[in-house]
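*Asks:* Top line first, the protein sequences correspond to chains V and Z. Quick note: this note's numbering has the first sequence finishing at residue 408, numbered continuously throughout. Quick note: this note's numbering has the second sequence finishing at residue 1266, numbered continuously throughout.
Keep in mind the hints are simulated off the structure, nothing from the lab. Note that beta-carbon positions come from the ideal geometry of N, C-alpha and C, so glycine has one too. Heads up, some of the hints might be wrong.
[Stated by the list, open to error] Okay, derived cross-link-like pairs now, DSS-like style, lysine-lysine, Cα gap no bigger than 25 Å in a straight line: (1) K1160(Z) x K67(V); (2) K395(V) x K1198(Z); (3) K1059(Z) x K293(V).
[Stated by the list, open to error] Sample of chain V residues with no beta-carbon within 12 Å of chain Z, all distances over it, derived: (4) I173; (5) S268; (6) I270; (7) L277; (8) M342; (9) G343; (10) V376.
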Amino acid sequence: MVDNIKRSLLVALWFVFLTFPLMVVKVNTLKSIVEWRWMNMLWVAIGAFALSLVWRWAMARRQLKSKKAEQGEDESVKAGFATRLMEDPKLYKPALIVIALATIVFPLVVDIYQTNIMVLALIFVVLGLGLNVTVGLAGLLDLGYVAFFAVGAYTYGVLNSFYGLGFWTCLPIGGLMGALFGIALGFPILRLRGDYLAIVTLGFGSIAKIVIENWEEVFNGAKGIAGIPRPGFFGAEMNITSATTYTYYLMILMVVFAIFITNRLKDSRIGRAWMALREDEIACVAMGVDMAKTKLGAYAFGAFWAGLAGVIFAARNTYINPNSFTFMESALVLSIVVMGGMGSIIGVIIAALVLILMPEYLRAFSEYRMLMFGAVMVLMMIFRPEGLIANVRRKYTGRKVTTEDANA
Amino acid sequence: MPETNNTLLEVKNLTMDFGGLRAVDAVSLSVSAGEIVALIGPNGAGKTTFFNCVTGIYKPTKGDVLVHPPEKKSQKINGFKSNRVTTIGMARTFQNIRLFQNMTVLENVMIGRHCRTTTNIVGAILRGKKTKRQERETVERSYELLEKVGLVDDADEFAKNLPYGAQRRLEIARAMATDPFLLLLDEPAAGMNPQETKDLDELIVRIRDTEKIAILLIEHDMKLVMNISDRIYVMEYGKEIAQGAPMDIRNNPKVIEAYLGEETDA
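Construct the entire structure; sequences and hints are all you get.
*Replies:* Listed below in structure tokens is the structure:
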């Protein structure tokens, strides 16, 4: 500990020295004098000292943990709070009820602005869950995921403005269009892996945006499509407040639906094949899994959710333009998946809420948003590379008891 | 074991070129039901390439691979993708273990059942009666196989956490989960200690005798090969230089020269 403080003091001194010309000395060229800002020096010293100390403490903790893991006394003995919460029904049932109540009451106690932000966050939860299948389960890195989101949104926008189709007709069409585009993208990249896959999907994302921007007749170009109706409820007239609340509940339903379905797939023949594909493609194919079918399935399924989310996004905003579908959104969704923990459903939900809500409530720091975003990502990679909540593999109960008979 | 007419795998003049390099040169080989056949040869002789051609990872340049599955009609499987080869009934293991590291031991075996089950995406979501039944059968069959290779107690462990010898056995269990009539083992004893090798020896013979699965294996461990194989094929520089019973191979001057070289004590 003393050693750590000593070293941190040295670091603080070093930073003071380094930042001295920048932070302390200020030449006022108008009055031809030099201002000495000694207070800044103090802040730099304190800041560097504290950060260094925290850093050292965290690194030491991490080392201790990996040492323990090597001795085989980690995880199972001292499972994290989150894992315990999920495994013990006595703990997770009340927690689930509290969360459910909170989500139901939420739009009634807060104002419309908050609800609207929450709807956006929930849209990203669905996007995260969808991409989680493609990237987290099947291990197919997709940097152009937002393209499918755009497909969904524009499906609704175009069908509505040209043919006057309503939200409920467009919702399934949007999802299916997303899946269709997923398969269309999937075919040419079946053989690609890793970096190459990332590059092609990145290109696909950009192409989608450029096409939308330049195809004036259909997509109305950069002007976007306005006047998209909000989700209807048996033709009832709704003011903005109730429409937003309605969209919120709709989104909650959709999230529950998405959790239910991805969860079922995860624990099925298909989900296992996806995971095997991620782990080792050659072995997976050699064990009789049809690579093309499985990969296309993963793409289509992930894209399906993006399509659905896109339709709701268009309905929520009532206006869409190509700028909502940039690479930033793809990166954001990917960060949600990585931060939440590859393949972990709860992790993805938490990460989506954090990454979308934080910037909204920290508007004061909006200039540093990207900086903080990057810092969070780097720290995550160092301290929790498996994500906020690591994917817990299901344990199957079978005929475990017969071990002794078999050995006898 | 006496030679029967019940041939399962028949490879005729298989040739594999990589650009100008002929890795496998007109090798013929056959495996009959109830046989353990070994394929040996010095490093780089083309044994694994031969395996990869047979199991569909490579497409052979020339030659035929014919399978005669029991009670089904024969097929020529050149250039079939490996998942189809496995579905027909030939499963393999890998020289450098290729398990699904971050999946549990049981799940690894369950993947082997993939080609014998039919649940699709819709079925998995609805989880109907048929899906549930298949799922239950998959779990049960997988446990059964884990029992056979002695890994039941590690069923919920991640595959990467298993000791080396156990990983090899898990690969065998995974391959057996595909209900094969022929098991192709690529150096199953590599990296094992003498005790593990002995256990493996027993395991392979047991698989042949109780599961009625024929076995074709590549192996460098001569003791194991001589112990369990009914017939041996020897390859050198892509060519087949000898075949026969273990005793004949042991005394074949060509094999001694090519394979053992100076190391007469091997």
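*Asks:* Beyond 12 Å from every Cβ of chain Z: is that where the Cβ of M342(V) lies?
*Replies:* At about 9 Å from chain Z, M342(V) fails to clear the 12 Å cut-off, so the statement is violated.
*Asks:* Quick one, are K1059(Z) and K293(V) close enough, alpha carbons at most 25 Å?
*Replies:* Holds. K1059(Z) to K293(V) sits at ~21 Å (cutoff 25 Å).
*Asks:* Over 12 Å to the closest beta carbon of chain Z is the bar; see if S268(V) clears it.
*Replies:* The claim breaks: S268(V) does not keep its Cβ more than 12 Å from every Cβ of chain Z (closest is about 4 Å).
*Asks:* Does I270(V) sit more than 12 Å from chain Z, CB to CB?
*Replies:* violated (5 Å)
*Asks:* Hey, is V376(V) genuinely clear of chain Z, shortest beta carbon separation above 12 Å?
*Replies:* holds (24 Å)
*Asks:* Classify the label on I173(V) as holds or violated, using whether its beta-carbon is more than 12 Å from each beta-carbon of chain Z.
*Replies:* Consistent with the label, I173(V) stays out of reach of chain Z, its closest Cβ about 18 Å off (over 12 Å).
*Asks:* Within 25 Å, alpha carbon to alpha carbon, are K395(V) and K1198(Z)?
*Replies:* violated (32 Å)
*Asks:* Is the Cβ of G343(V) more than 12 Å away from each Cβ in chain Z?
*Replies:* violated (9 Å)
*Asks:* Examine each Cβ of chain Z, and state whether all of them lie more than 12 Å from the Cβ of L277(V).
*Replies:* At about 9 Å from chain Z, L277(V) fails to clear the 12 Å cut-off, so the statement is violated.
*Asks:* Given the hint that K1160(Z) pairs with K67(V), test it: the Cα-Cα distance must not exceed 25 Å.
*Replies:* It holds: about 18 Å lies between the C-alpha atoms, which stays within 25 Å.
Figure legend: structure checked against the earlier numbered hints; hints not met, in rising order: 2, 5, 6, 7, 8, 9.
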